Amino acid sequence: MTVSDLTHSSIDPVSPKINWARIDEADNFAETVKLYRQGKYDEASFRRFRLQHGAYGTRMTSDYAMVRVKLPAGEIYPKQFEKLSQLSEQYSIGSAHFSTRENIQLHWVILEDVSEIFRSLAEVGLTSREACGNSVRNVMCSPLSGVCCDEKFDSTPYALATAKFFLRNPMAQSLPRKFKFNFTCCEKHGMVRMVDVGLIPEIQQIDGSEQKGFKIFLGGGLGNKSFVGHQLEDFTPEEDLLYTSIAVMRIFDRLGDRKNLARNRMRYLVNDMGWEKFQNLVLKERAIVRATQSVVTRLKVDTTPNKIKRPLKISDETGGSAPDGYARWLKTNTIKQKQSDYRSVFITLEAGDITSNQLNALADIIREFSSEGMARTGFVQNVALRYVHEDDLISLYSKLIQSGLAKSGALTMTTPIGCSGTTSCNLALTNSHRLAKEIQRKFLELHLDEDEDLTDSSIKISGCPNSCGQHGIATIGFFGGGGRLGKDMYANYQMSLGGRFDGETMLGQTCLRVPAKRVIPVILKIIELFKENKKSDDTLKSWIHRIVNDSEDSAIKSINDIKKILEPLVVPPTKDDDPDFYLDYGSDTSYHTKTGKGECAA
Amino acid sequence: MCCLTQSVKITSDIDSVRSEIRDNSISVIDVRREGDYKQDHIPNSVNLPLATLLSDDSPENVLKLVNSMGIDNETPVVVYDDTFGALASRVAWTLEWIGHSNVTLLETTYSNWKSLGLEIDSKIPDISKKNHSMNLQSNILATSDYLESAKTRDDVILIDNRERLNYLEQHIPGAMSLPYRTLASGDKILRSKEDMKRLLDNRGISGDSEIITYCGSVGTLSGLAYYALKSAGLPNAKLYVRSFKEWKNLQKPTIKQEDANYWDLSAE
Chain A
-14 MTVSDLTHSS IDPVSPKINW ARIDEADNFA ETVKLYRQGK YDEASFRRFR
36 LQHGAYGTRM TSDYAMVRVK LPAGEIYPKQ FEKLSQLSEQ YSIGSAHFST
86 RENIQLHWVI LEDVSEIFRS LAEVGLTSRE ACGNSVRNVM CSPLSGVCCD
136 EKFDSTPYAL ATAKFFLRNP MAQSLPRKFK FNFTCCEKHG MVRMVDVGLI
186 PEIQQIDGSE QKGFKIFLGG GLGNKSFVGH QLEDFTPEED LLYTSIAVMR
236 IFDRLGDRKN LARNRMRYLV NDMGWEKFQN LVLKERAIVR ATQSVVTRLK
286 VDTTPNKIKR PLKISDETGG SAPDGYARWL KTNTIKQKQS DYRSVFITLE
336 AGDITSNQLN ALADIIREFS SEGMARTGFV QNVALRYVHE DDLISLYSKL
386 IQSGLAKSGA LTMTTPIGCS GTTSCNLALT NSHRLAKEIQ RKFLELHLDE
436 DEDLTDSSIK ISGCPNSCGQ HGIATIGFFG GGGRLGKDMY ANYQMSLGGR
486 FDGETMLGQT CLRVPAKRVI PVILKIIELF KENKKSDDTL KSWIHRIVND
536 SEDSAIKSIN DIKKILEPLV VPPTKDDDPD FYLDYGSDTS YHTKTGKGEC
586 AA
Chain B
21 MCCLTQSVKI TSDIDSVRSE IRDNSISVID VRREGDYKQD HIPNSVNLPL
71 ATLLSDDSPE NVLKLVNSMG IDNETPVVVY DDTFGALASR VAWTLEWIGH
121 SNVTLLETTY SNWKSLGLEI DSKIPDISKK NHSMNLQSNI LATSDYLESA
171 KTRDDVILID NRERLNYLEQ HIPGAMSLPY RTLASGDKIL RSKEDMKRLL
221 DNRGISGDSE IITYCGSVGT LSGLAYYALK SAGLPNAKLY VRSFKEWKNL
271 QKPTIKQEDA NYWDLSAE
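Protein chains in written order, with the working numbering: chain A, -14 to 587; chain B, 21 to 288.
Calculated directly from the structure, the hints in this document are not laboratory data.
The reader is advised that the hints may include incorrect statements.
[Claimed, not checked] Straight-line Cα separation of at most 30 Å, DSS-like style, residue types lysine-lysine; simulated pairs:
{"hint": "1", "chain 1": "B", "residue 1": "Lys276", "chain 2": "A", "residue 2": "Lys472"}
{"hint": "2", "chain 1": "A", "residue 1": "Lys19", "chain 2": "B", "residue 2": "Lys208"}
{"hint": "3", "chain 1": "A", "residue 1": "Lys384", "chain 2": "B", "residue 2": "Lys134"}
{"hint": "4", "chain 1": "A", "residue 1": "Lys149", "chain 2": "A", "residue 2": "Lys323"}
{"hint": "5", "chain 1": "A", "residue 1": "Lys384", "chain 2": "B", "residue 2": "Lys208"}
{"hint": "6", "chain 1": "B", "residue 1": "Lys276", "chain 2": "A", "residue 2": "Lys19"}
{"hint": "7", "chain 1": "B", "residue 1": "Lys276", "chain 2": "A", "residue 2": "Lys582"}
{"hint": "8", "chain 1": "B", "residue 1": "Lys276", "chain 2": "A", "residue 2": "Lys560"}
{"hint": "9", "chain 1": "B", "residue 1": "Lys134", "chain 2": "A", "residue 2": "Lys64"}
{"hint": "10", "chain 1": "A", "residue 1": "Lys64", "chain 2": "B", "residue 2": "Lys213"}
{"hint": "11", "chain 1": "A", "residue 1": "Lys323", "chain 2": "A", "residue 2": "Lys2"}
{"hint": "12", "chain 1": "A", "residue 1": "Lys64", "chain 2": "A", "residue 2": "Lys321"}
{"hint": "13", "chain 1": "A", "residue 1": "Lys64", "chain 2": "B", "residue 2": "Lys217"}
{"hint": "14", "chain 1": "A", "residue 1": "Lys292", "chain 2": "A", "residue 2": "Lys173"}
{"hint": "15", "chain 1": "B", "residue 1": "Lys217", "chain 2": "A", "residue 2": "Lys25"}
{"hint": "16", "chain 1": "A", "residue 1": "Lys19", "chain 2": "B", "residue 2": "Lys217"}
{"hint": "17", "chain 1": "B", "residue 1": "Lys213", "chain 2": "A", "residue 2": "Lys19"}
{"hint": "18", "chain 1": "A", "residue 1": "Lys520", "chain 2": "A", "residue 2": "Lys316"}
{"hint": "19", "chain 1": "A", "residue 1": "Lys321", "chain 2": "A", "residue 2": "Lys197"}
{"hint": "20", "chain 1": "B", "residue 1": "Lys171", "chain 2": "A", "residue 2": "Lys25"}
{"hint": "21", "chain 1": "A", "residue 1": "Lys19", "chain 2": "B", "residue 2": "Lys171"}
{"hint": "22", "chain 1": "B", "residue 1": "Lys171", "chain 2": "B", "residue 2": "Lys265"}
{"hint": "23", "chain 1": "A", "residue 1": "Lys384", "chain 2": "A", "residue 2": "Lys323"}
{"hint": "24", "chain 1": "A", "residue 1": "Lys298", "chain 2": "A", "residue 2": "Lys316"}
{"hint": "25", "chain 1": "B", "residue 1": "Lys276", "chain 2": "A", "residue 2": "Lys579"}
{"hint": "26", "chain 1": "B", "residue 1": "Lys134", "chain 2": "A", "residue 2": "Lys298"}
{"hint": "27", "chain 1": "A", "residue 1": "Lys210", "chain 2": "A", "residue 2": "Lys262"}
{"hint": "28", "chain 1": "B", "residue 1": "Lys171", "chain 2": "B", "residue 2": "Lys276"}
{"hint": "29", "chain 1": "A", "residue 1": "Lys323", "chain 2": "A", "residue 2": "Lys285"}
{"hint": "30", "chain 1": "A", "residue 1": "Lys64", "chain 2": "B", "residue 2": "Lys208"}
Just so you know, these numbers come straight off a predicted model, no measurement behind them.
Put together the whole structure using the sequences plus the hints.
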């Protein structure tokens, strides 16, 4: 017997349904990088090509790229986790990063190695194609779609079909700017008004029978200037989903601003034109799209239900006593599903960062605990493990502890979003990424995740005004900039209050500038003020909501009242009195702002 | 040079090693710690813990060790470890350096050998001393002085095999980063020749350039890279065996990636 007869491979009960990859794109990318290095490809064309393939630039260098791997509808399978683990060690910094749009990113990759990553991704059916650039970005879906108690139906198959239709579609290769779809399960769990096209599943009774469809929101988005999306019509039947998407994209393609890079997202077009006019155009265009197809174009929606099968346990570990922290974790990290006996478990990471070992551990944990055999990534740089049987929760928690993945507070305010900031982004002014980690560590230490008054609030941090950290829709949001006392500079954040991304989506109101090293005391002070003035059934979110809407009747009635109380906390000390104040988090040299060219608009 | 270009075989596959052990036609060196070796090892293998070699790696002492392991000029040698081939590479390179021309690496690690259910043994074989000659191959060794002058030449490529974060933090000016993890594939300590060639070719590591590898301190990770280069048909490789630790101690120039807080992106 020879070794080749002995080699075994683990077989997963469930494998990816869709292969998103094309291996020839790896060879093409490698070849193009060579031509570029030889000077046979100009800078601008190469950048466009690179972004179209999902490789983003890196802070202050052209030697490195960030590869953004798309996970359409957030679905990720055990083998894919294992591959990403391997790639993070081989080509990146031994860690990977979960984004807010269900991508997983590998940073500090040598440009010449990007094609090797493509090749490996193709082995497990993944791609980074059109993860950057002026294309249809990763199509998102709520991590609870299919299990949410409030949803009308599971929108996951529609998200996957939409992603499949537009990926590599000639129609979507050269839009004026990037274009984003978000599907959700219900109002509460989605982000449908902060995106180009947002969709909530809806059912209507038409002629006595149930008709599936969507509530569609258009023209929202966060950025240097943010807008809330508008609902197109009362109800869009599922047959019209694709025609509507194509119609909107055709209008954007035709009329979107291709000159002014700072204003070329569709939300500016909607805002400039006025909603009613845009709405009419969409409805007319849709009629044209529907009437003028040369062949009938349809979304290929695969609604075959996923197999749900509780993994067999080799040893019976149930009935053991729960480890310390279990009750806290159960309360702040898990949600009951509409399917009885099952829960969805959220795994929170520090600002979305995960080690190669943890990626590997997740693969095994899915195999052992998820009855659907895969995981879903979430909207807040996290991962959801669904269809975990109630009886398996204690042993799952023990496994998560072993891998350092059992941090509590996943579904609370203690897990702030932090964009990559100065850790890798060209545009960043501050280390928003590290700040998010510092807040999380401090707040978990204070057990703020167990405070039910804070559960539905959020903290989101961007390292510059461009909103990758989604600060505009946070209960307490921050974006980075520089502050100055005399000639000494320090990292400084603009703080906004009262943003939300649910059925009453609105942007936060500017409050005041808070130096990086004062952010934690300022948030704690806001919580203190809330506790002093709250009504019995208030949460921090509802209290702030009344303040920003001028309907609060306690001592604190306006943002300005909060500002006055906080002002003494944000006064910069002199450099001699407090040298640490002048260092940004994670830095041991004096703060100064430094940025390179952004690629958002390339 | 002739012996270098001839020895295209870098790794030995499991099946042929097993049959050569049965025929008693090779010498197998286990470079793990003595305790691990005593517990179990590949049958008939002799133990040379890397630490023993490193405690005195002068040519004279290496020759003594080689003789005591029963290896003469003609003995084919296969080296293995349980650390993805890096420690085995350092030992194999040292044998090559003192003039042993027939040394290869086991294609996989000891753990994998065991997990495949292949033969293991706890018996320590009887070894009769042999007499190896000394024929020092200085052309595969780079010293710090050599590296400093070679670096200025256009046809010399310097490769840093430490992890990416260490490289970003500090490295020898002009070095390119090729983390040791990049070199393996699945259960194999080295990628296939074709895969390795493509990886290196993408990086512009090809042709007749002289290539010098280094790592953190003792030339293990860079030893593996030395063999990776040879496996891809690039014979003109040298190992800076004292690596970055010596370079820093000598206070020679280093460089870092400025203006980015990459450490904070790490989840470690």
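Legend entry - Given hint Lys208 (chain B) paired with Lys384 (chain A) - CA-CA distance at most 30 Å: holds (29 Å)
Legend entry - Satisfaction of hint between Lys472 (chain A) and Lys276 (chain B), Cα-Cα up to 30 Å: holds (27 Å)
Inset, instruction - Verify the proposed pairing of Lys19 (chain A) with Lys208 (chain B), using a straight-line Cα cut of 30 Å. - result: Holds, at about 28 Å.
Inset, instruction - For the pair supplied as a hint, Lys171 (chain B) and Lys25 (chain A), confirm whether the alpha-carbon distance does not exceed 30 Å. - result: Roughly 28 Å separates the two Cα atoms, so the pair holds.
Legend entry - Distance restraint between Lys64 (chain A) and Lys217 (chain B), which requires alpha-carbon spacing of 30 Å or less: Status holds; Cα separation ~26 Å.
Inset, instruction - Compare the distance between the alpha carbons of Lys323 (chain A) and Lys2 (chain A) with 30 Å, and conclude whether the hinted pair is satisfied. - result: holds (24 Å)
Inset, instruction - Take a quick look at whether Lys213 (chain B) and Lys19 (chain A) sit within 30 Å of each other, Cα to Cα. - result: The hint holds at about 21 Å.
Inset, instruction - Could you grab the alpha-carbon distance between Lys210 (chain A) and Lys262 (chain A) and see if it respects the 30 Å cut-off? - result: holds (21 Å)
Inset, instruction - Mind checking the alpha carbons of Lys276 (chain B) and Lys579 (chain A) for me, to see if they're no more than 30 Å apart? - result: holds (17 Å)
Legend entry - Proposed proximity, Lys171 (chain B) with Lys19 (chain A) (alpha carbon, max 30 Å): holds (24 Å)
Legend entry - Lys134 (chain B) paired with Lys298 (chain A) [C-alpha distance capped at 30 Å]: holds (26 Å)
Inset, instruction - Decide if the proposed pair is consistent with the structure: Lys298 (chain A) and Lys316 (chain A), CA atoms, cutoff 30 Å inclusive. - result: It holds: about 25 Å lies between the C-alpha atoms, which stays within 30 Å.
Taken one by one, the earlier hints all hold for this structure without exception.
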